[in-house]
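J.: Sequence:
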Amino acid sequence: MSGNEKWQEKMNILYTDEEYQLLGNHAWVDVHTLTVHIMRGKHGVKVEIFPAAHDGVSDALASCEARWEKPDAAHRTRVVKRYVR
Numbered sequence: 002m003s004g005n006e007k008w009q010e011k012m013n014i015l016y017t018d019e020e021y022q023l024l025g026n027h028a029w030v031d032v033h034t035l036t037v038h039i040m041r042g043k044h045g046v047k048v049e050i051f052p053a054a055h056d057g058v059s060d061a062l063a064s065c066e067a068r069w070e071k072p073d074a075a076h077r078t079r080v081v082k083r084y085v086r
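Residue 13 in this note's numbering is what sits at position 12 of the sequence shown, and the numbering runs on without skipping anything.
These are computed hints drawn from the structure, not numbers from a lab. Take the hints with a grain of salt, since some may be wrong.
To be verified - What follows is a set of in silico ranges between Cβ atoms, one per label pair, in the way DEER data are often shown: (1) 22 x 43: 15 to 23 Å; (2) 71 x 22: 16 to 24 Å; (3) 74 x 34: 15 to 23 Å; (4) 60 x 16: 26 to 34 Å; (5) 75 x 35: 31 to 39 Å.
For every residue, glycine included, the Cβ atom is placed at its ideal position computed from N, Cα and C.
Based on the sequences and whatever the hints tell you, model everything.
T.: Here it is in structure tokens:
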């Protein structure tokens, strides 16, 4: 297995006790028999939960959303985008 293949395999795993940051507009995370869809919106975040065998059409089993507030300048999170060639 090449170094790039090992890196790609590692990127498909979420590790315990690690923090992750959504850099794009949405992400899917499989959790046992469920699939979690995390979506960044203009005013907040929305999370939908589907069965793992989701057909892409049916309604979510559960969902929630929250609006975000403007961060305090002293505690803003800086996002660093990294690209791999």
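J.: Compare the structure with each hint and give your call.
T.: For each hint, the structure was consulted:
1. The beta-carbon spacing between residue 22 and residue 43, approximately 18 Å, falls within the hinted interval of 15 to 23 Å.
2. Separated by about 18 Å at the C-beta atoms, residue 71 and residue 22 satisfy the suggested range of 16 to 24 Å.
3. A C-beta distance of roughly 43 Å is found between residue 74 and residue 34, which places it outside the suggested range of 15 to 23 Å.
4. With their beta carbons about 31 Å apart, residue 60 and residue 16 fall inside the hinted range of 26 to 34 Å.
5. As the Cβ distance of residue 75 to residue 35 is approximately 37 Å, the hint placing it in 31 to 39 Å holds.
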